[in-house]
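Asker: Order-wise, the sequence lines are chains A and B.
The opening position of the first sequence corresponds to residue 1 in the working numbering, with each subsequent residue numbered one higher.
The opening position of the second sequence corresponds to residue 440 in the working numbering, with each subsequent residue numbered one higher.
Everything labelled a hint here was simulated from the structure, so no lab data went into it.
Hints may be right or wrong, so weigh each one.
[Stated by the list, open to error] Partial list, derived from the structure: chain B residues whose beta carbon lies under 10 Å from chain A:
#: 1; residue: 477
#: 2; residue: 586
#: 3; residue: 605
#: 4; residue: 607
#: 5; residue: 669
#: 6; residue: 700
#: 7; residue: 720
#: 8; residue: 722
[Unchecked claim] Okay, the calculated beta carbon distance ranges per label pair:
#: 9; chain 1: B; residue 1: 596; chain 2: A; residue 2: 201; range: 58 to 66 Å
#: 10; chain 1: B; residue 1: 565; chain 2: A; residue 2: 71; range: 57 to 65 Å
#: 11; chain 1: A; residue 1: 304; chain 2: B; residue 2: 731; range: 34 to 42 Å
#: 12; chain 1: A; residue 1: 304; chain 2: B; residue 2: 625; range: 44 to 52 Å
#: 13; chain 1: B; residue 1: 706; chain 2: A; residue 2: 366; range: 23 to 31 Å
#: 14; chain 1: A; residue 1: 321; chain 2: B; residue 2: 700; range: 43 to 51 Å
#: 15; chain 1: A; residue 1: 366; chain 2: B; residue 2: 623; range: 14 to 22 Å
#: 16; chain 1: B; residue 1: 700; chain 2: A; residue 2: 311; range: 36 to 44 Å
#: 17; chain 1: B; residue 1: 700; chain 2: A; residue 2: 195; range: 54 to 62 Å
[Stated by the list, open to error] Derived coverage of chain A by chain B (criterion: at least 3 residues anywhere in the stretch with Cβ under 8 Å from a Cβ of chain B; other residues may be distant):
#: 18; region: 85–91
#: 19; region: 380–394
#: 20; region: 410–423
Positions of the beta carbon are idealized from the N, C-alpha and C atoms, including for glycine.
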Amino acid sequence: MSSPEVLVIGGGPAGVSAALELARAGIDVTLCEQGPRLGGAIHRQPDDPTQSVRVPRSHKQRWQAMSDELAASTVKVLCRHMFAGIEATGAVLLEDRIHGRLVTRRPAALVLAMGAIERVAPVPGWHLPGVVTVGGLQVMMKSTGRAPDGDVLIAGSGPLLVALAAQMASLGNAPVAVLERSTRLMSVSVIASLLRAPAYLWEAAGYLLTLARSGILPRRGAFVTAIAPRDGRLSVTTLDRHGRERQMLVDRVALHDGLLPNSNGTMAGQHGPFIVRAGDCREVLGGTAALADGRLAAHAVLAQIGKAVRATKVPAAILARERQAQAALNTLFDYSGRDPAQLPDETIICRCEGRTLGQLRSMLSGDDPVSAREIKLNGRFGMGACQGRFCAEWVASFVASQRADGSPPQASEIVGSRWPVKPVPIAAFVTLPPSHPSE
Amino acid sequence: MSPFDYDIVIVGGGIMGCGAALRLAEGGMKPLVIEKDDLGQGASGVNAGTLSLQIKRVKLMQYALRGHHEWEAMGAAVGFHKTGGYTLAFNAREAELLHDRMELKRQAGAPITFVSRDELARREPELSTNVVAASYCAQDGYANSSLTGQYYRRRLADAGIEYQEKSPVDRIEALGPGYAIHCGGRKVTAPRVLLAAGGWLRQAAAMLGLDLPVRARVNTVSVTEPGPRLTPSVIGHATGLLTLKQKANGTMLIGGGWQGTGAPEDGRGVVSPETLLTNLQLASFAVPALRNWRIVRSWTGFEANVPDFYPLAGKAPGLDGVFILGCVRGGYTIGPYISKLMGDFILGRTLELPLFDPGRIFNLE
Numbered sequence: 001m002s003s004p005e006v007l008v009i010g011g012g013p014a015g016v017s018a019a020l021e022l023a024r025a026g027i028d029v030t031l032c033e034q035g036p037r038l039g040g041a042i043h044r045q046p047d048d049p050t051q052s053v054r055v056p057r058s059h060k061q062r063w064q065a066m067s068d069e070l071a072a073s074t075v076k077v078l079c080r081h082m083f084a085g086i087e088a089t090g091a092v093l094l095e096d097r098i099h100g101r102l103v104t105r106r107p108a109a110l111v112l113a114m115g116a117i118e119r120v121a122p123v124p125g126w127h128l129p130g131v132v133t134v135g136g137l138q139v140m141m142k143s144t145g146r147a148p149d150g151d152v153l154i155a156g157s158g159p160l161l162v163a164l165a166a167q168m169a170s171l172g173n174a175p176v177a178v179l180e181r182s183t184r185l186m187s188v189s190v191i192a193s194l195l196r197a198p199a200y201l202w203e204a205a206g207y208l209l210t211l212a213r214s215g216i217l218p219r220r221g222a223f224v225t226a227i228a229p230r231d232g233r234l235s236v237t238t239l240d241r242h243g244r245e246r247q248m249l250v251d252r253v254a255l256h257d258g259l260l261p262n263s264n265g266t267m268a269g270q271h272g273p274f275i276v277r278a279g280d281c282r283e284v285l286g287g288t289a290a291l292a293d294g295r296l297a298a299h300a301v302l303a304q305i306g307k308a309v310r311a312t313k314v315p316a317a318i319l320a321r322e323r324q325a326q327a328a329l330n331t332l333f334d335y336s337g338r339d340p341a342q343l344p345d346e347t348i349i350c351r352c353e354g355r356t357l358g359q360l361r362s363m364l365s366g367d368d369p370v371s372a373r374e375i376k377l378n379g380r381f382g383m384g385a386c387q388g389r390f391c392a393e394w395v396a397s398f399v400a401s402q403r404a405d406g407s408p409p410q411a412s413e414i415v416g417s418r419w420p421v422k423p424v425p426i427a428a429f430v431t432l433p434p435s436h437p438s439e
Numbered sequence: 440m441s442p443f444d445y446d447i448v449i450v451g452g453g454i455m456g457c458g459a460a461l462r463l464a465e466g467g468m469k470p471l472v473i474e475k476d477d478l479g480q481g482a483s484g485v486n487a488g489t490l491s492l493q494i495k496r497v498k499l500m501q502y503a504l505r506g507h508h509e510w511e512a513m514g515a516a517v518g519f520h521k522t523g524g525y526t527l528a529f530n531a532r533e534a535e536l537l538h539d540r541m542e543l544k545r546q547a548g549a550p551i552t553f554v555s556r557d558e559l560a561r562r563e564p565e566l567s568t569n570v571v572a573a574s575y576c577a578q579d580g581y582a583n584s585s586l587t588g589q590y591y592r593r594r595l596a597d598a599g600i601e602y603q604e605k606s607p608v609d610r611i612e613a614l615g616p617g618y619a620i621h622c623g624g625r626k627v628t629a630p631r632v633l634l635a636a637g638g639w640l641r642q643a644a645a646m647l648g649l650d651l652p653v654r655a656r657v658n659t660v661s662v663t664e665p666g667p668r669l670t671p672s673v674i675g676h677a678t679g680l681l682t683l684k685q686k687a688n689g690t691m692l693i694g695g696g697w698q699g700t701g702a703p704e705d706g707r708g709v710v711s712p713e714t715l716l717t718n719l720q721l722a723s724f725a726v727p728a729l730r731n732w733r734i735v736r737s738w739t740g741f742e743a744n745v746p747d748f749y750p751l752a753g754k755a756p757g758l759d760g761v762f763i764l765g766c767v768r769g770g771y772t773i774g775p776y777i778s779k780l781m782g783d784f785i786l787g788r789t790l791e792l793p794l795f796d797p798g799r800i801f802n803l804e
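With the hints as constraints, model all of the structure from the sequences given.
Answerer: Here is the structure:
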């Protein structure tokens with residue numbers, strides 16, 4: 001095939017949409033997904049097809065249509081292939097998890113569609129076993145088709161809270177409570193906001209109805225202030241909007257404070273391929289927008305490699321509409337998390353290496369400005385296995401709030417951008433059988 | 440009263456520059472340390488932290504032994520651990536190389552012994568069964584290089600030594616006597632200048648019209664996720680192309696001087712997959728269980744070298760009041776000591792060991 005190869009990273013709606021649009025234009029596309037199946041967070045398919053979680057019918061139909069087109073297309077799909085980064089000469093590194101090796105590709109263009117990462121604002125005890133993210137729990141449920149066992153508390157803010165709670169309820173284990181930090185959900189302006197996004201309104205209504213049938217009403221303005229281990233379970237301290245403290249004993253806590261673009265892996269080197277980001281990985285606007293954004297990313301690639309692009313304003317219009325809807329939705333929720341001033345020094349900030357808020361505070365207690373490099377090398381924040389993906393944003397905003405310095409470090413400076421962007425087994429590097437290198 | 444702002448301006452705030460500043464202040468001088476980034480964040484802060492006499496050159500052994508004592512004295516503040524270290528050979532040729540090299544180092548003063556295969560297997564069960572010969576040095580260990588910057592910052596502050604970070608030097612101007620250092624709009628004067636800019640030494644010297652034959656090596660280091668304890672010791676290879684140690688937090692730090700790409704003038708270097716692969720191959724050959732461990736991060740640091748691989752430490756050729764300190768092979772180990780020597784030299788004291796004339800003739804190939 002004479003056309004240059006385009007590599008699409010991420011098998012969610014944005015990636016699949018980009019791959020399909022490129023294939024329609026006759027481009028040689030390879031779609032890489034790190035997991036065993038395509039679908040991404042939103043269309044995640046179960047390990048056992050008979051054990052599926054109930055999802056809105058529109059979601060199911062949309063994914064079916066895309067899967068059908070993909071099967072009939074020229075797109076080459078590589079599941080269990082993880083994007084490991086781009087090295088200095090511009091080669092894209094992929095960890096082939098089927099054969100346990102690192103492989104390199106030199107595509108003309110790279111579409112990064114690696115979705116969003118979940119934001120969880122730190123509270124004391126959030127690092128304990130049994131504390132998970134709402135999205136993480138949803139992934140587990142969608143993969144196994146079963147609700148998690150035991151008493152589960154869902155807390156934080158965002159539409160995902162009631163979605164997970166409803167899915168758990170329909171699988172037979174409703175959460176013991178849903179704590180939604182925001183108090184804005186029932187204001188008058190909410191109705192106007194929701195009317196601008198009718199699809200979300202219907203989806204939310206469905207979830208709330210399911211929950212109501214299980215006797216669960218999300219508690220507005222309530223949040224978790226501390227989690228501690230007790231008798232093999234988790235003792236959770238909560239505050240409600242009237243300032244009343246409460247203790248609950250549960251088996252799991254699922255936390256969620258919004259979504260952020262998965263920005264890891266952006267290293268546009270001078271020799272590298274043309275890079276374009278698509279979907280939540282570029283801007284968190286959800287699945288519908290991701291489809292349109294995937295097409296737009298494909299158009300950007302086509303323009304770059306000199307292929308004619310069919311003129312259509314449809315994806316851009318969808319994106320604009322979804323951006324408006326998300327903006328309206330975002331006004332309903334409260335992603336601020338616990339006020340750092342209320343957090344004790346022992347609160348873990350970096351879960352990978354157990355670095356605490358006290359250690360961060362003491363770094364900031366001197367007179368000198370603190371650089372991102374010092375936060376990493378001296379503070380060890382962002383140096384663990386996640387390379388700062390889960391703490392960099394919080395650390396950066398905390399530093400900015402504490403220091404009036406001219407240029408506080410940016411989260412992007414704290415998040416690792418070197419390859420490998422995610423941990424890669426030594427065995428995958430060492431693709432040759434174990435022979436002595438000097439023999 | 441002196442017409443100068445300082446007695447000496449030191450360009451470069453790594454181990455060399457800070458170490459010399461401390462010695463000079465002790466001797467009554469008023470130094471200023473100027474660092475283009477943050478203190479101790481160049482090679483001083485990103486190297487693998489190995490303190491091994493088994494990988495030191497014979498001619499530098501006396502310096503390395505004294506360097507070891509300096510590190511031991513700095514102790515926990517720099518994450519010092521004396522663990523003992525093994526150097527491994529996997530075939531007859533390597534065993535011969537190991538024997539020849541270690542015998543010379545032993546004669547030079549390093550307390551190195553040879554260990555039988557069986558004894559090694561007993562002491563270090565996770566090491567490869569392919570080892571045919573091994574040497575051991577009880578002095579060997581490591582420190583945590585990422586603590587270098589904060590350690591020296593505290594030491595400078597305690598000694599009342601001024602330092603200026605995030606301040607690349609723009610220009611060095613020769614005055615009648617003395618020098619004016621221009622740096623971010625500020626001008627400071629001193630009768631003496633010490634260039635201790637590590638990988639950036641060539642550029643620093645060029646500001647004074649000196650052309651030093653300094654080249655930067657781009658050394659690669661990698662770290663794994665934490666895992667179960669595999670070895671308490673620092674592990675090396677007969678060729679010198681491997682360093683491996685498990686830190687207290689369970690992570691494994693893997694180095695050995697494998698070369699990445701990039702140059703100091705372009706900012707940071709980059710890891711090359713081909714050399715990293717060989718580095719990791721050697722590491723997992725030495726400790727087979729490492730194959731299943733995951734690499735979290737690989738990075739590079741610039742190490743300056745001259746053609747004969749001996750230090751530049753002494754008076755700059757043809758320039759009054761200009762001193763040079765750098766290019767010390769094993770600079771992390773030797774740095775705290777040779778920087779003291781450099782201080783003594785500038786203070787006009789008698790030296791415990793000789794320095795290395797930067798004006799010597801290099802055989803340039």
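Asker: Are there three or more residues in the region 85–91 of chain A whose C-beta lies closer than 8 Å to some C-beta of chain B?
Answerer: holds (count 3)
Asker: Hint check: is the beta carbon of residue 586 of chain B less than 10 Å from a beta carbon of chain A?
Answerer: holds, 8 Å
Asker: Please test the hint of 54 to 62 Å on the beta carbon pair from residue 700 of chain B and residue 195 of chain A.
Answerer: holds, 57 Å
Asker: Tell me if the interface restraint on residue 720 of chain B is satisfied: Cβ within less than 10 Å of some Cβ in chain A.
Answerer: Constraint on residue 720 of chain B satisfied, holds at 5 Å.
Asker: Can we keep the residue 722 of chain B interface hint, with Cβ of chain A closer than 10 Å?
Answerer: holds, 7 Å
Asker: Answer holds if the nearest beta-carbon of chain A is closer than 10 Å to that of residue 669 of chain B; otherwise answer violated.
Answerer: Result: violated, 12 Å to nearest chain A Cβ.
Asker: Go through the hint on residue 607 of chain B and say holds or violated, using the shortest Cβ distance to chain A against 10 Å.
Answerer: Since chain A brings no Cβ nearer than about 14 Å to residue 607 of chain B, farther than 10 Å, the hint is violated.
Asker: Mind checking, does the region 410–423 of chain A have 3 or more residues with a CB under 8 Å from chain B?
Answerer: It holds, with 5 qualifying residues against the three required.
Asker: Let me know if the C-beta of residue 700 of chain B comes in closer than 10 Å to any C-beta of chain A, holds or violated.
Answerer: With a minimum Cβ separation of about 5 Å from chain A (threshold 10 Å), the hint on residue 700 of chain B holds.
Asker: If you check the beta carbons of residue 706 of chain B and residue 366 of chain A, does the distance land in 23 to 31 Å?
Answerer: Once the Cβ atoms are compared, 26 Å apart, the range 23 to 31 Å for residue 366 of chain A and residue 706 of chain B holds.
Asker: Between residue 304 of chain A and residue 625 of chain B, does the C-beta distance stay in 44 to 52 Å?
Answerer: holds, 45 Å
Asker: Do residue 304 of chain A and residue 731 of chain B keep their Cβ atoms within the hinted range of 34 to 42 Å?
Answerer: Holds, since residue 304 of chain A and residue 731 of chain B (Cβ atoms, about 40 Å apart) stay within the stated range.
Violation of the numbered hints given earlier is confined to hints 4, 5, 10; the remaining hints are satisfied by the structure.
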